[in-house]
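Residue 1 is where the sequence shown starts when you use the working numbering, and the numbers rise one by one after that.
For the record, the hints were derived by calculation from the structure and aren't laboratory data.
Treat the hints with caution; some may be incorrect.
Claimed, not checked - The calculated lysine-lysine pairs, modelled on DSS-like cross-linking and capped at a C-alpha distance of 30 Å, are:
hint, residue 1, residue 2
1, 84, 34
2, 23, 80
3, 34, 23
4, 88, 66
5, 80, 66
6, 66, 84
7, 88, 34
8, 66, 23
Stated by the list, open to error - Distance ranges between label pairs, derived from CB positions:
hint, residue 1, residue 2, range
9, 6, 75, 40 to 48 Å
10, 16, 55, 46 to 54 Å
11, 64, 20, 35 to 43 Å
12, 79, 51, 16 to 24 Å
13, 36, 5, 53 to 61 Å
14, 87, 6, 48 to 56 Å
15, 54, 75, 34 to 42 Å
16, 18, 57, 40 to 48 Å
17, 21, 1, 24 to 32 Å
18, 57, 15, 32 to 40 Å
19, 86, 60, 14 to 22 Å
All C-beta atoms in this analysis are idealised placements derived from N, C-alpha and C, irrespective of residue type, glycine included.
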Amino acid sequence: MAIEIITQADLQEFRIQLVNDIKQLLESKTQQTKPWLRSREVRTLLNISSGTLQNLRINGTLTYSKIGNTIYYVQEDIVKILEKNTVKSQKTLFQP
Numbered sequence: 001m002a003i004e005i006i007t008q009a010d011l012q013e014f015r016i017q018l019v020n021d022i023k024q025l026l027e028s029k030t031q032q033t034k035p036w037l038r039s040r041e042v043r044t045l046l047n048i049s050s051g052t053l054q055n056l057r058i059n060g061t062l063t064y065s066k067i068g069n070t071i072y073y074v075q076e077d078i079v080k081i082l083e084k085n086t087v088k089s090q091k092t093l094f095q096p
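Work the whole structure out from these sequences, hints included.
Encoded structure:
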């Protein structure tokens, strides 16, 4: 059986490769988002109640599809609504 010596440089190279592999896995996982979300997922995502979600449906703010008793929402629509309603902060300088 042959003896192999591992140097610090080898360990450093292994660490860098491992970190890069983990980053790639995380990036690919975030890119694989579900196109359709259920009501529970939308409520959790937006931190709103079921009544608020119902109001968003009723007033036409949030489009949806209903199959049987399950309501689905397009994730892209939710992102668009959030971007559309983004309020830019105004810098204020403290003046004594």
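Each hint, compared with the structure:
Of the pairs offered as hints, the one joining residue 84 and residue 34 holds, with about 21 Å between alpha carbons and a cut-off of 30 Å not exceeded. Simply put, residue 23 and residue 80 have alpha-carbon atoms about 27 Å apart, close enough for the 30 Å limit, and the pair holds. Of the pairs offered as hints, the one joining residue 34 and residue 23 holds, with about 20 Å between alpha carbons and a cut-off of 30 Å not exceeded. With a C-alpha separation of about 34 Å, the suggested pair residue 88 and residue 66 falls outside the 30 Å cut-off, and the hint is violated.
Annotation: proposed proximity of residue 80 to residue 66 holds, straight-line Cα distance about 20 Å (limit 30 Å). With a C-alpha separation of about 25 Å, the suggested pair residue 66 and residue 84 falls inside the 30 Å cut-off, and the hint holds. A threshold of 30 Å between alpha carbons decides the hint, and for residue 88 with residue 34 the separation of about 28 Å falls inside it, so the pair holds. For the hint pairing residue 66 with residue 23, the CA-to-CA distance comes to about 37 Å; that exceeds 30 Å, so the pair is violated.
Look at residue 6 against residue 75: about 46 Å separates their beta carbons, and that is inside 40 to 48 Å. Distance hint check: the CB atoms of residue 16 and residue 55 are about 50 Å apart, consistent with the given range 46 to 54 Å. For residue 64 paired with residue 20, a C-beta distance near 40 Å keeps the hint of 35 to 43 Å intact. Separated by about 22 Å at the C-beta atoms, residue 79 and residue 51 satisfy the suggested range of 16 to 24 Å.
For residue 36 and residue 5, the Cβ-Cβ distance of about 54 Å falls inside the hinted range of 53 to 61 Å, so the restraint holds. Separation of residue 87 from residue 6 is about 54 Å and conforms to the stated range, judged on CB atoms against 48 to 56 Å. The hint said 34 to 42 Å for the Cβ distance between residue 54 and residue 75, and at roughly 19 Å that hint is violated. A hinted range of 40 to 48 Å for the beta carbons of residue 18 and residue 57 is consistent with their spacing of about 46 Å.
For residue 21 and residue 1, the Cβ-Cβ distance of about 29 Å falls inside the hinted range of 24 to 32 Å, so the restraint holds. Separated by about 49 Å at the C-beta atoms, residue 57 and residue 15 break the suggested range of 32 to 40 Å. As the Cβ distance of residue 86 to residue 60 is approximately 20 Å, the hint placing it in 14 to 22 Å holds.
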